[in-house]
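K.L.:
Okay, here's what each chain looks like letter by letter:
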Amino acid sequence: MSGERPEINRETLDAYVDGELAPDEMTRVAALLGERADFKTYVDSQLALRDRLSVSFAPLMAEPIPNRLQRTLRTAPPRLCVTSWREWLGEFLSWRVGVPLAASLAFGLVIGVAIERSVRTELPFVSSSQNGPVLAHGELAGALSEQLAASDQINRRVRIGISFRSRSGLDCRTFEWLGTTMTTNGVACHTGGDWTVAALTTTWRTANDRAAYQMAGAAMPDAIRNIVNEMIAGAPYDAAAERAARDTHWSGAKRP
Amino acid sequence: MDASYDTIRSQIAALVPRLRRFALSVTGNRADADDLVQDTVERALRHLDQWQQGTRLDSWMFRIAQNLFIDARRAARRKRAVFVDTEATMAEAGYDGERAAEAHMAWRETCAALSTLPEDQRSVIALVLVDGMTYRDAADVLGVPIGTVTSRLARGRETLAARIFGSTAELR
Chain A
0 MSGERPEINR
10 ETLDAYVDGE
20 LAPDEMTRVA
30 ALLGERADFK
40 TYVDSQLALR
50 DRLSVSFAPL
60 MAEPIPNRLQ
70 RTLRTAPPRL
80 CVTSWREWLG
90 EFLSWRVGVP
100 LAASLAFGLV
110 IGVAIERSVR
120 TELPFVSSSQ
130 NGPVLAHGEL
140 AGALSEQLAA
150 SDQINRRVRI
160 GISFRSRSGL
170 DCRTFEWLGT
180 TMTTNGVACH
190 TGGDWTVAAL
200 TTTWRTANDR
210 AAYQMAGAAM
220 PDAIRNIVNE
230 MIAGAPYDAA
240 AERAARDTHW
250 SGAKRP
Chain B
0 MDASYDTIRS
10 QIAALVPRLR
20 RFALSVTGNR
30 ADADDLVQDT
40 VERALRHLDQ
50 WQQGTRLDSW
60 MFRIAQNLFI
70 DARRAARRKR
80 AVFVDTEATM
90 AEAGYDGERA
100 AEAHMAWRET
110 CAALSTLPED
120 QRSVIALVLV
130 DGMTYRDAAD
140 VLGVPIGTVT
150 SRLARGRETL
160 AARIFGSTAE
170 LR
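Protein chains in written order, with numbering that gives the first Met the number 0: chain A, 0 to 255; chain B, 0 to 171.
Derived from the structure by calculation, the hints contain no laboratory data. Mixed in with the good hints, there may be bad ones.
[Claimed, not checked] Simulated restraints, written as ranges between beta carbons of each label pair: (1) A:E138 <-> B:V143: 17 to 27 Å; (2) B:T54 <-> A:G33: 38 to 48 Å; (3) B:A30 <-> A:T26: 42 to 52 Å; (4) B:R154 <-> A:G33: 24 to 34 Å.
[To be verified] Listed next, the stretches of chain B that the computed footprint assigns to chain A, with coverage defined by at least 3 CB atoms under 8 Å from CB atoms of chain A: (5) 24-38; (6) 55-65; (7) 129-135; (8) 160-167.
[Unchecked claim] Some chain A residues flagged as far from chain B (calculated, every beta-carbon gap over 10 Å): (9) M25; (10) V28; (11) A30; (12) D43; (13) R156; (14) G168; (15) G191; (16) G192.
Don't be surprised by glycine CBs; every beta carbon is placed ideally from N, CA and C.
From just these sequences and the hints, can you work out the full model?
P.N.:
See below:
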């Protein structure tokens, strides 16, 4: 560029100190520092200011991360939000749901799931249409239909928790899905031949956590427990009732 | 999102020292700074889907921190809370495990000087002079034009230099 070069003022010198000038301007200002003592004094004072700030905060940079923050980073909060049934009810009523679910509402069962849009693709075991219910599929659907809680569930990707009859007469089951980076807990009910996911909550896990989970499993998260408490009629199934429900294809209240 | 959550979580952990430095620069005391970073990380993890992969994770997190800082200050003003003198708080806070007397003195003076700046100048100073961000990145974090960054920076520099060195170098 052959145009007239801009006058060098304080802002130019600031930009020089901050490394914000174009290379040719950096060179021009550097050369001028040898000729202009006032420029040199100003630049030196600004470099000293940067040094002072850097030195002042250096000890902080060397400190370990506070324990509270380490815990947060280790066990991130759920990315999927289970809404309370009261908050969720209004949304649910606008869904175009199948008859069994609509009927269950009439009997007071509130069943719902809130999944952040972008996370849906991260869950390979559920599917949902734009405004429809979330359905289990693949390995999760298979486990919900066939796997018994009393069976050997160590090293399985899906673990079944409790099974129970809902207040509207559906067979429902809690489950845990061990993903590679997160563990998802949920509750699903058998409706019209599908497992409709009522609630999900997901927690990230470290590799160590996963190893421990793989062996021991974990307690049901409070969010899921609360939903189950809202839904359940009577006590959870014992092993015999669970087996009977499976053998009659989770027919719920229609079971003889 | 292609990167695994563990990878992103590691990247966030790696940003924590910078976030703490920023938080301490703007809040002026350790307790508020740690709360601000804690809130920033929690919010980032909760809303990770809002971060566009391929864009700068650090800019996004600094933006969260800055917004939380502004929100907290507004809320505090609404409550008409009586604050402990910021300058005194900053100077007394010190560093955990501080050993070098010289560094401690520098810290006290720096904090005292920073506390005299208006919040908007303090944020720019924290991003550009303390963290070393470019003007463009700082403007992106703060959501202001670059010209606003440079003007706030110039005013902040002048005040800081006068406070720390006792005078500002004049140009002919």
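K.L.:
Would you list, in rising numerical order, the hints stated earlier that this structure does not obey?
P.N.:
The structure conflicts with hints 1, 6 and 12, although it agrees with all the remaining ones.
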